[in-house]
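J.: Protein chains in written order, with the working numbering: chain A, 7 to 463; chain B, 7 to 463.
Simulated from the structure, these hints should not be mistaken for laboratory data. The reader is advised that the hints may include incorrect statements.
Below, a list of computed lysine-lysine pairs in the BS3-like style, where the Cα atoms sit at most 25 Å apart [as the list claims (entries may be wrong)]:
hint : chain 1 : residue 1 : chain 2 : residue 2
1    : A       : Lys384    : B       : Lys397
2    : A       : Lys397    : B       : Lys115
3    : A       : Lys397    : A       : Lys384
4    : B       : Lys113    : B       : Lys95
5    : A       : Lys191    : A       : Lys271
6    : B       : Lys130    : B       : Lys147
7    : B       : Lys408    : B       : Lys34
8    : A       : Lys379    : A       : Lys351
9    : B       : Lys384    : A       : Lys384
Partial selection, computed: residues in chain A whose CB lies under 10 Å from chain B [unchecked claim]:
hint : residue
10   : Gln26
11   : Glu102
12   : Ala205
13   : Thr363
14   : Val364
Only a predicted model underlies this, so the values are computations on that prediction, with no experimental measurement involved. We treat Cβ as the ideally placed atom computed from N, Cα and C, and that holds for glycine.
There are 2 protein chains.
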Amino acid sequence: MKHFILVFSLILSVFASKAQNNDSIMSKKLFDDALNSNIAYRQLFELCSIAPGRLAGTPESEIAIDYMFELMKAMPFDTVYKQPCMVRKWIRGTEEEAWFTSDGNHKTKINIDALGGSVSTSEKGILAPVIVFSSIEDMQKANPASIKGKIVYFNRPMSQNYYMTFRAYGENASMRVYGADEASKFGALAVIVRSLNTATDTFPHTGIMRYKTSELRIPGFAISTFDADALDKAIANNSNLKIFLKCSCVEYAQLQSYNVIGEIKGSEFPNHFITVGGHLDSWYNSPGAHDDGGGCIQSVEVARLFFATGYQPRNTLRVVMFIDEEMEQRGARAYANSAIANDEKHIFALESDRGVTVPTGFSIDAPKNVVDKIESWKSYFEPYGVRVFEKGGSGVDIGFLKQAGVPLAGLVTESQRYFEFHHSANDTWQNVNRREMQLGSAAMALMIYLVDRYGLD
Amino acid sequence: MKHFILVFSLILSVFASKAQNNDSIMSKKLFDDALNSNIAYRQLFELCSIAPGRLAGTPESEIAIDYMFELMKAMPFDTVYKQPCMVRKWIRGTEEEAWFTSDGNHKTKINIDALGGSVSTSEKGILAPVIVFSSIEDMQKANPASIKGKIVYFNRPMSQNYYMTFRAYGENASMRVYGADEASKFGALAVIVRSLNTATDTFPHTGIMRYKTSELRIPGFAISTFDADALDKAIANNSNLKIFLKCSCVEYAQLQSYNVIGEIKGSEFPNHFITVGGHLDSWYNSPGAHDDGGGCIQSVEVARLFFATGYQPRNTLRVVMFIDEEMEQRGARAYANSAIANDEKHIFALESDRGVTVPTGFSIDAPKNVVDKIESWKSYFEPYGVRVFEKGGSGVDIGFLKQAGVPLAGLVTESQRYFEFHHSANDTWQNVNRREMQLGSAAMALMIYLVDRYGLD
Numbered sequence: 007m008k009h010f011i012l013v014f015s016l017i018l019s020v021f022a023s024k025a026q027n028n029d030s031i032m033s034k035k036l037f038d039d040a041l042n043s044n045i046a047y048r049q050l051f052e053l054c055s056i057a058p059g060r061l062a063g064t065p066e067s068e069i070a071i072d073y074m075f076e077l078m079k080a081m082p083f084d085t086v087y088k089q090p091c092m093v094r095k096w097i098r099g100t101e102e103e104a105w106f107t108s109d110g111n112h113k114t115k116i117n118i119d120a121l122g123g124s125v126s127t128s129e130k131g132i133l134a135p136v137i138v139f140s141s142i143e144d145m146q147k148a149n150p151a152s153i154k155g156k157i158v159y160f161n162r163p164m165s166q167n168y169y170m171t172f173r174a175y176g177e178n179a180s181m182r183v184y185g186a187d188e189a190s191k192f193g194a195l196a197v198i199v200r201s202l203n204t205a206t207d208t209f210p211h212t213g214i215m216r217y218k219t220s221e222l223r224i225p226g227f228a229i230s231t232f233d234a235d236a237l238d239k240a241i242a243n244n245s246n247l248k249i250f251l252k253c254s255c256v257e258y259a260q261l262q263s264y265n266v267i268g269e270i271k272g273s274e275f276p277n278h279f280i281t282v283g284g285h286l287d288s289w290y291n292s293p294g295a296h297d298d299g300g301g302c303i304q305s306v307e308v309a310r311l312f313f314a315t316g317y318q319p320r321n322t323l324r325v326v327m328f329i330d331e332e333m334e335q336r337g338a339r340a341y342a343n344s345a346i347a348n349d350e351k352h353i354f355a356l357e358s359d360r361g362v363t364v365p366t367g368f369s370i371d372a373p374k375n376v377v378d379k380i381e382s383w384k385s386y387f388e389p390y391g392v393r394v395f396e397k398g399g400s401g402v403d404i405g406f407l408k409q410a411g412v413p414l415a416g417l418v419t420e421s422q423r424y425f426e427f428h429h430s431a432n433d434t435w436q437n438v439n440r441r442e443m444q445l446g447s448a449a450m451a452l453m454i455y456l457v458d459r460y461g462l463d
Numbered sequence: 007m008k009h010f011i012l013v014f015s016l017i018l019s020v021f022a023s024k025a026q027n028n029d030s031i032m033s034k035k036l037f038d039d040a041l042n043s044n045i046a047y048r049q050l051f052e053l054c055s056i057a058p059g060r061l062a063g064t065p066e067s068e069i070a071i072d073y074m075f076e077l078m079k080a081m082p083f084d085t086v087y088k089q090p091c092m093v094r095k096w097i098r099g100t101e102e103e104a105w106f107t108s109d110g111n112h113k114t115k116i117n118i119d120a121l122g123g124s125v126s127t128s129e130k131g132i133l134a135p136v137i138v139f140s141s142i143e144d145m146q147k148a149n150p151a152s153i154k155g156k157i158v159y160f161n162r163p164m165s166q167n168y169y170m171t172f173r174a175y176g177e178n179a180s181m182r183v184y185g186a187d188e189a190s191k192f193g194a195l196a197v198i199v200r201s202l203n204t205a206t207d208t209f210p211h212t213g214i215m216r217y218k219t220s221e222l223r224i225p226g227f228a229i230s231t232f233d234a235d236a237l238d239k240a241i242a243n244n245s246n247l248k249i250f251l252k253c254s255c256v257e258y259a260q261l262q263s264y265n266v267i268g269e270i271k272g273s274e275f276p277n278h279f280i281t282v283g284g285h286l287d288s289w290y291n292s293p294g295a296h297d298d299g300g301g302c303i304q305s306v307e308v309a310r311l312f313f314a315t316g317y318q319p320r321n322t323l324r325v326v327m328f329i330d331e332e333m334e335q336r337g338a339r340a341y342a343n344s345a346i347a348n349d350e351k352h353i354f355a356l357e358s359d360r361g362v363t364v365p366t367g368f369s370i371d372a373p374k375n376v377v378d379k380i381e382s383w384k385s386y387f388e389p390y391g392v393r394v395f396e397k398g399g400s401g402v403d404i405g406f407l408k409q410a411g412v413p414l415a416g417l418v419t420e421s422q423r424y425f426e427f428h429h430s431a432n433d434t435w436q437n438v439n440r441r442e443m444q445l446g447s448a449a450m451a452l453m454i455y456l457v458d459r460y461g462l463d
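The task is simple: from the sequences and hints, build the whole structure.
T.: Here it is in structure tokens:
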């Protein structure tokens, strides 16, 4: 018996080391192919060039949907289809103007972009005095009479102290999202928010704003960090300073849009699903290269790497271009609702939506045993600088699968530059580095390969 | 006795945890100050703006030396001085022209830069057929008659397979350094080398070339990767293709130049030295932001951070701007020779010369016990993404201190983008990110603080 166990152990260990060896070979194949290929980088260039500003519901989003559909159709997916969902159609409009004046004559132009979902100003625009706050709480402590009839300017720079810039973003985002809603309760006429940008430059950074409770909706704008500094000085020198704001945003009737989905049928478990994706929509002012055209193209690249290396997944792989992450996440909701309604078994979902800079790890939203299992594979990732496997949030789109108990993960990338691009015209293809993006593509492919082979139980 | 040991251990552990606590506080102070400061980034802008192309021996290098001297003089160093050394004065010249033709009439311009130290072509330039090789070894196997009277074109792209791009650079650099010397032995008239660039773009990347043995020196050039691709196609289509090359490089008499050194006198061990530095010279075609203006400014920033946080080093800190790394390392040799001649005790030297992208670790050239001691401090670095502490090369300049047994280290930074900038006009301040550079500055300051406090024995 002892003998038998010994032989059996030997056989097992030979199998295990052979498997490890195969996995090392696969890891090298995926990274080599990704780093040597120009395909994904060129696709990103095309997407950002033909469909910048592809906010859900816009004509630009339709171009992007068609582009990704045709792109995936031309690849050997088993099936490529569009999954319908209803989306808002909010358009920023063409009339946008902003300046400040202290004498009523001399006007200093400021770089400003309407916040996403903002109501329009009147056709005449708004000319009013300004009052500055560093937060919603700060405003709520002020004398309401001092706010009424004014433009509220939320002017708190992002903290520079954190290594992870997302943390600073998290601290400041509420001013952009709820600032106008809260200020309207005090009779403010409009809100300006200092752009959530770690650098000082002239790009306004927009993003979603929400009207929660207010009857009287007032418009919201983001001002570039450079212009915010200029405005600060002007306000300090002129107590009479007035700001002029004009925009022509329009909210239309909702309409149908789509997620674009490509499937590689699983060879062993065709009814078990692994999802990899990013969101196809981008803000109206942005080519959306890092946020999140890059994440979409990386997800398609996972499939291309499997085709190129001849890897046939055991489970069905779904590559999903989610629509409408920026506004209402209607694509993500539709995808999760469909999965739940059809009682689909999803074994894993992975999203890339933190910018396609160099990958540093994975943030895993799953029970500890799953995190531990993923971390046990880290030796395959570390040679490529992917070192941190931690419990944390995954991605906004796949997050809706959490209700179905699906283990989720997000690709974590180096965040120092990200908020210089995020939600602005500065989020260009030129600011994406091919090698950095492709290290991310390969890391995603390797993660999905390992989950596909070994599961997460 | 047992009692005594227990109490003594308790006292020790209280001291140790207090020390750890102080070190954590210092770490946070250094990173917070660095990440919130704009000073170093502005200094780098100034240096690159007023003294681009500051190759040793040039007027531009004199501007850079004066700039750094005045900059350090304005800081509370105990002493700032210039350390003399003789340097080559090689000037690229103003006459540079390159094109190819297949019919003798139509000329296609190519982006080319003379290699550093190249001889000049004749005033008429060189018009000759081309022969392509992928390496010096490849050329040495060819029929010598096929090379005579031709321009040799070394055309091997950098490998994309490695995570550390320096490894691919190491594989290819010999063609640039020795290609012309070896080709001259076969009667070649000149050499072109595909630029050592991981991307495809129009910037030629120069670098040193050396004449080892040859009597007949022939000129060497770097061609941009984009133009290398175009030239490849043209060669494939036209067996008659000829290339025209012209440059007007001049080697002048050697002259005196300087390292610039700032010292903070050690409070306990004024005769024990810690060196931190980068090299001030940059290639003639380059603003030298990453290579290595950034490393110089980071080194000055280490001192500024100590002044700002009120840290008084126990050992004497020397901030050194080495001159002439790119050509002959005369500044580094002078510094090491002076240290040895004066029997100075150097306890540590640190260099930043791998680009000022986000720091990932330290490469340590010292015995294992030193590497282990440095690694024991890693918990202070990891929260800022600095995770890899490995034995390896340090920096070209401080490398000359190795003969004196000094423990050396180099800051390791993320290398995906570096060779898109290196030795080219693309190495601009705009391609340096403030936060990435400042994470490096703080990591360097923290390392020196820990060595200063605890030593490396």
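J.: Does each hint fit the structure? Answer for all of them.
T.: Each hint, compared with the structure:
With a C-alpha separation of about 21 Å, the suggested pairing of Lys384 of chain A with Lys397 of chain B holds against the 25 Å cut-off. The suggested pairing of Lys397 of chain A with Lys115 of chain B is violated, with an alpha-carbon distance near 55 Å, which exceeds 25 Å. For the hint pairing Lys397 of chain A with Lys384 of chain A, the CA-to-CA distance comes to about 14 Å; that is within 25 Å, so the pair holds. As the CA atoms of Lys113 of chain B and Lys95 of chain B are separated by approximately 33 Å, the hinted pair breaks the 25 Å bound.
About 54 Å separates the Cα atoms of Lys191 of chain A and Lys271 of chain A, which puts this hinted pair outside 25 Å; it is violated. Of the pairs offered as hints, the one joining Lys130 of chain B and Lys147 of chain B is violated, with about 31 Å between alpha carbons and a cut-off of 25 Å exceeded. For the proposed pair Lys408 of chain B and Lys34 of chain B, the alpha carbon gap of about 32 Å is over 25 Å, so the pair is violated. Only pairs whose Cα atoms come within 25 Å are accepted, and Lys379 of chain A paired with Lys351 of chain A is accepted, the gap being roughly 20 Å.
In summary, the hint linking Lys384 of chain B to Lys384 of chain A is supported, as the alpha carbons are separated by about 19 Å, within the 25 Å threshold. The closest approach between the C-beta of Gln26 of chain A and any C-beta of chain B is roughly 20 Å, which is over the 10 Å cut-off, so the hint fails. A least Cβ separation of about 27 Å between Glu102 of chain A and chain B goes past the 10 Å threshold, and the interface hint is therefore violated. A distance limit of 10 Å between C-beta atoms decides the matter here; for Ala205 of chain A the minimum to chain B is near 7 Å, and the interface restraint holds.
The interface hint given for Thr363 of chain A holds, since its Cβ lies 9 Å from the closest Cβ of chain B, which is under the 10 Å cut-off. With a cut of 10 Å, the hint placing Val364 of chain A at the interface with chain B holds, because the nearest CB-to-CB distance is about 6 Å.
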